[in-house]
Amino acid sequence: MSTATATRRRVDRASRPGGSTRRRARGRFMAWVFAAPFLILFLLMYAGPLLAGLGMSFTDLKSTDVRHPLNVNGVGLDNYQRLLHDDAMRKAAWNTFFFVATGVPLTIVFGLAAAVALHSGIRRARTFFRAGYFLPQVTSIIGIAVAWRFLLDPQSGLLNEALGAIGIHGPAWLADERTALPSLVAMATWRGFGFDMVIFLAALQGVPRELYEAADVDGAGRWAQFRRITLPMLRPAVLFTVVYSTIGYMQFLEEPFVMTKGGPLDSTLSASYAIYFQFGAGNYGYAGAAASVLFMVIVALSFLQFRVLRPKHL
Amino acid sequence: MIRRTALYVLLTLGLGVVITPFGWAVLSSFKPEGEIRQNPPTFLPAHATLGQYRELFHRLDLFTVFLNSVLVAVIVVLANMLFCSMVAYALTKLPFRARGAVFTLIMLQMMVPSIVLMIPQFVVVANLGLVNTIFGIMLPYLVMPLGIFLMRQFMADIPDELVHAARIDGAGEFRIFFRVVLPLCKPPLATLSLITFLTAWNNFLWPAVVAQSQDKYTLPVALAIFANQEATHYGLLLAGAVVVVTPVVILFLALQRFFVEGIASTGIK
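Heads up: the sequence lines are chains Z and C, in that order. Read in our numbering, the first sequence has 185 at position 185, and its numbers run on one by one without any break. Read in our numbering, the second sequence has 49 at position 49, and its numbers run on one by one without any break.
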């Protein structure tokens, strides 16, 4: 053992509250007291409900059975098997996949582009642009939905009017099976990229200037510098934004809830929304099974992303 | 020089795209219904009027609904300021054996989809007799994971010596927490209160499930239900959207520095 560690140990012992075991025990007890509000709420509102949801997925529980618990039977994995053959659920799974697979990259690319643009050269107006781009993030989805439905209205909306001015006949956006889901992706990207921009801006401030100066000396161009210096240095930030947005986008529900009611023809039905409908119809067991699958997919995706994207030296 | 000008032009265009949906909604909320329906649409109101707002206030008890929103948001903020800081104190300044386990629970809470929890949570709230109460609306949000991360990040950087010194002087843990540690935590507390305020203010699905009569609605719930009944009455809905969004926008623009920098600090480490 080195002398440095030995000295630090001695200092530690000296600065500890007398080092008495009684005080340590009291400290341990106080830790539980301080964590208690979180733990109680977690058990009551999260752990309990999560286990209840999992448990009910193996039964044929319906809303009508809640008063007569004896009518409820265990059905094993039947609910899970039914999921595989449910056309609406398959459609919802596909829509959710589409939403995540397009929305997450778009949000991150726009967030990164805005952050790099603000970081390079713009000094005076940086706060101004940053606040503007972040604004949609803080506003209520209901307010946004109203504004966007109006914007996308085929007759009196601004978007088709603008497209008309350059000679394009715009579609009916939310009323058209082909454009409804992409419209929601666009809205989600518009709403979410400001958050990623803020994360990337903070990360960019941590990249040492010397790296760019050295690259300049070596004659590396802007694009090469971005690919060889900026992107690798931003790896932890990319990991965070990918995981965080995926968790959020996997659960998308409010956008179709307030914009399209899942239509037209289920083209904007999301996994969460389909589960919501099943709950509403009183099929608690079946809805619980679908919800559990969604939860497991989210956890699995998060782990996978951590594996693939975590910094190489760890 | 040319590069910088190009950058400014690009950023300004981007800002235009981001702001247009809001801007046009605000402008249109001052148009009479006929002008809103008109094709081609107008950008600026040709006949500015407060008619939509007058009808909105006439049709909805906005005062009660607004008060409910404020009440929910303020209590959620205060609870998070206290509880998140307490957990963070246990995680950083006390000999906590379950530290790792508690950390996993916090991550878990972030990952569980709200739809998984909605019905079982509702059953809990019903058993506690809290359906259609303001307290039922806020119950799941009194300790938010992001708030714990934020406070933990900051408290970890407060020197342990400070806490040890207070202990040697014979101060109890609650005294140290309130008198020594919390007063140092003003910056993250400012960020925390903003984030939790916005979450509570904008929250929509859960309040829609718990609140069952108009006197318990929050603003987004009232507007959502109104939007269902009056799906085609754009002018009225736009006025409603402006009422819901304006307080938050003002708050954000006034305090955006705390907000943006605080979020950045939780995300990176």
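Hint data in this document are derived by calculation from the structure and do not stem from the laboratory. What you are looking at is a predicted structure, and each value in this text was computed from that prediction instead of being measured. C-beta: ideal position from N, C-alpha, C; glycine also. Please note: incorrect hints may appear among the correct ones.
Claimed, not checked - To spell it out: a stretch of chain C is covered by chain Z in this simulated footprint if at least three of its residues, at any positions, have a beta carbon under 8 Å from a beta carbon of chain Z; those stretches are:
#1 17 to 26
#2 42 to 52
#3 63 to 74
#4 131 to 138
#5 231 to 238
Said to hold, decoys possible - Example chain Z residues on the side facing chain C (calculated, C-beta under 10 Å, incomplete):
#6 M30
#7 N73
#8 I229
#9 L231
The hints, checked one at a time:
no. : hint       : verdict
1   : 17 to 26   : holds (count 8)
2   : 42 to 52   : violated (count 1)
3   : 63 to 74   : violated (count 0)
4   : 131 to 138 : violated (count 0)
5   : 231 to 238 : holds (count 3)
6   : M30        : holds, 4 Å
7   : N73        : violated, 19 Å
8   : I229       : violated, 17 Å
9   : L231       : violated, 16 Å
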